[in-house]
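Q: Sequences and hints are given; from them, build the entire structure.
According to UniProt numbering, the sequence shown is numbered sequentially starting from 1.
Among these hints, one or two may not hold up.
Ranges of calculated distance between the beta carbons of each label pair, as one might list FRET restraints [what the hints assert, rightly or not]:
#1 A123 <-> G71: 20 to 28 Å
#2 D127 <-> S16: 33 to 41 Å
#3 A9 <-> N78: 43 to 51 Å
#4 R96 <-> Y118: 32 to 40 Å
No lab work stands behind these hints: they were computed from the structure. On a predicted model such as this, the values are computed, not experimentally measured, just so you know. Using N, Cα and C, we set each Cβ at its ideal position, and we do this for glycine too.
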Amino acid sequence: MQGTPRPPATPAQALSAMDHLIAAHLIGQQELARRLGLNVTDLTCFAFVLEAGDDLLTAGDLAARAHVTTGAVTGILNRLERAGYVARRPDPTDRRRVRVAAVPDAVTRVEAVYGGHYERLTALFSDYSAEELAVITDWFTRATALAHEYLEKLNRNDPDEEC
1 MQGTPRPPAT PAQALSAMDH LIAAHLIGQQ ELARRLGLNV TDLTCFAFVL EAGDDLLTAG
61 DLAARAHVTT GAVTGILNRL ERAGYVARRP DPTDRRRVRV AAVPDAVTRV EAVYGGHYER
121 LTALFSDYSA EELAVITDWF TRATALAHEY LEKLNRNDPD EEC
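A: Have a look at this one:
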């Protein structure tokens with residue numbers, strides 16, 4: 001499959017386009033979270049639970065992925081459980097820990113809200129060749145790693161460390 005010819009772009013134009021995408025998605029996430037009766041952090045944590053699938057996360061796993069403390073994750077899990085999004089399950093190998101499972105009805109509710117958007121994004125990706133998708137995926141993966149690195153620097157709150 002051939003990709004569609006693309007106009008040339010500079011790094012500054014790409015950065016601006018990324019900023020616009022992030023802004024649109026932040027606003028969209030806030031609206032989607034509101035519609036689902038959640039806040040953005042709780043919705044993000046629920047997305048991590050969904051992504052894990054049958055490999056259920058522990059509270060510590062979730063804290064690490066969300067870059068929050070384990071104490072904060074306890075509050076997040078309490079809210080998600082009260083809202084019917086997750087259930088805590090005993091860890092089969094360590095009875096001191098619990099694992100977090102998505103509630104099937106909640107998965108259905110979230111998929112109903114996100115489904116149309118993901119269908120449109122999938123259609124958009126179909127406009128790109130396999131080679132272009134490899135570049136896009138590589139860029140998203142590397143940019144995400146940079147974002148996590150930056151967040152870790154910010155969380156260290158070290159005035160001597162340049163962010």
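Q: Each hint should be assessed against the structure and marked as holding or not.
A: Status of the hints after comparison with the structure:
1. Restraint check, A123 to G71: a C-beta distance of roughly 42 Å breaks the suggested window 20 to 28 Å.
2. The beta-carbon spacing between D127 and S16, approximately 21 Å, falls outside the hinted interval of 33 to 41 Å.
3. Distance hint check for A9 and N78: the Cβ-Cβ separation is about 45 Å, which falls inside the suggested range of 43 to 51 Å.
4. Hint check: R96 to Y118, Cβ distance near 37 Å, so the stated range 32 to 40 Å holds.
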